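**Q** Sequence:
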Amino acid sequence: MLNNFFIEDHVKQALQEDIGFGDITTDYLTNESDTMKCELNSRVEGVLCGKNVFEMVFKILSPNVEVKFYFNDGDVIKKGDKLADISGPARYVLMGERTALNYIQRMSGIATETNKYQKAIGDYKAKIVDTRKTTPLFRAFEKYSVKIGGGSLHRFNLSDCAMIKDNHIKYAGSLTKAVEKLRQHISHAHKIEVECDTVEQVKEAIACGADIIMLDNMNLDTMRECVKLIDGKAIVEASGNVNLTTVKDIASTGVDIISSSAIVAKAPTLDLGLDCK
310 MLNNFFIEDH VKQALQEDIG FGDITTDYLT NESDTMKCEL NSRVEGVLCG
360 KNVFEMVFKI LSPNVEVKFY FNDGDVIKKG DKLADISGPA RYVLMGERTA
410 LNYIQRMSGI ATETNKYQKA IGDYKAKIVD TRKTTPLFRA FEKYSVKIGG
460 GSLHRFNLSD CAMIKDNHIK YAGSLTKAVE KLRQHISHAH KIEVECDTVE
510 QVKEAIACGA DIIMLDNMNL DTMRECVKLI DGKAIVEASG NVNLTTVKDI
560 ASTGVDIISS SAIVAKAPTL DLGLDCK
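Position 24 (the sequence shown) corresponds to 333 in my numbering; numbering is contiguous.
Quick caveat, the hints were computed from the structure, so don't treat them as lab data.
For clarity, every value in this text was computed on a predicted model and none was experimentally measured.
Accuracy of the hints is not assured; some may be wrong.
[Claimed, not checked] Label-pair ranges, simulated between beta-carbon atoms: (1) 520 - 387: 24 to 30 Å; (2) 333 - 497: 54 to 60 Å; (3) 533 - 444: 32 to 38 Å; (4) 494 - 383: 37 to 43 Å; (5) 354 - 432: 20 to 26 Å; (6) 476 - 444: 33 to 39 Å.
[Said to hold, decoys possible] Distance condition first, Cα-Cα at most 30 Å in a straight line; then the derived DSBU-like pairs of lysine-lysine: (7) 377 - 586; (8) 442 - 377; (9) 377 - 434; (10) 557 - 537.
Backbone N, C-alpha and C define an ideal beta-carbon position, used for all residues, glycine too.
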């Protein structure tokens with residue numbers, strides 16, 4: 310969940326960025342007493358996400374702007390659906406329009422893309438998860454959107470889980486040395502994940518007792534071999550070359566997790582519009 314205090318702090322910064330020293334268009338075209346009514350409409354099919362953030366934009370600008378939603382986060386929306394009515398002081402409706410849309414379009418786009426990937430996996434047990442390839446300072450919103458879209462979350466930041474990648478292995482001297490050194494220092498509550506490029510590395514990761522083994526950019530036959538080798542001794546994650554046409558085949562290898570930056574980084578914004586009556 311996104312806490313209201315977190316949303317409020319982030320939205321305030323976004324409004325400061327967008328409004329600057331004043332909205333010189335709206336300020337001179339409207340009076341404080343002017344009111345207007347608008348609708349938030351969907352121009353495509355997708356998964357709604359970002360309702361509370363959208364509302365927060367107008368709440369901060371003016372308590373007199375009323376936003377009434379007819380859908381909730383996670384709902385499937387269709388082209389032509391009226392998602393919400395917005396009414397109140399014209400100055401603040403116009404001033405907040407772009408920022409509110411930026412949040413809800415981006416978040417709904419990620420939720421929609423994530424939903425496509427999880428559905429493409431079909432009946433296989435694998436879960437689609439995100440990565441740390443996120444927009445700086447927007448990660449919480451993007452990860453929330455992944456969850457709303459039916460996906461699962463990888464580590465939120467570097468303190469969540471120890472992930473040993475190729476450069477860590479080179480620096481430590483070997484995969485085994487890296488795992489052993491981490492075991493001496495990390496909390497019992499933290500897992501160790503190892504990124505493996507070869508079958509030999511997978512065997513070494515198993516011997517070290519890695520909690521999660523990532524199969525990085527492996528072909529399907531090699532992934533199947535590695536899943537059999539691991540045989541439940543660790544969580545198996547697949548990564549690399551993941552897209553809507555490959556994700557089901559990857560899931561068929563028996564992996565537990567499929568991580569992809571595409572569900573966030575390549576998600577298009579969902580086409581939603583604020584239309585004045």
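**Q** For each hint, tell me whether it holds in the structure or not.
**A** Right, here's what the structure says about each hint:
1. 520 - 387: 24 to 30 Å: For residue 520 and residue 387 the Cβ distance comes to about 42 Å; the hint is violated.
2. 333 - 497: 54 to 60 Å: Since the Cβ atoms of residue 333 and residue 497 sit about 57 Å apart, the hinted range of 54 to 60 Å holds.
3. 533 - 444: 32 to 38 Å: At 35 Å between Cβs, range holds.
4. 494 - 383: 37 to 43 Å: holds, 39 Å
5. 354 - 432: 20 to 26 Å: holds, 23 Å
6. 476 - 444: 33 to 39 Å: Since the Cβ atoms of residue 476 and residue 444 sit about 23 Å apart, the hinted range of 33 to 39 Å is violated.
7. 377 - 586: holds, 15 Å
8. 442 - 377: violated, 34 Å
9. 377 - 434: Given pair residue 377, residue 434 is violated - Cα atoms ~38 Å apart, limit 30 Å.
10. 557 - 537: Holds - the C-alpha atoms of residue 537 and residue 557 are around 18 Å apart, at most 30 Å.
Consistency with the previously given hints fails for numbers 1, 6, 8 and 9, ordered from lowest to highest.
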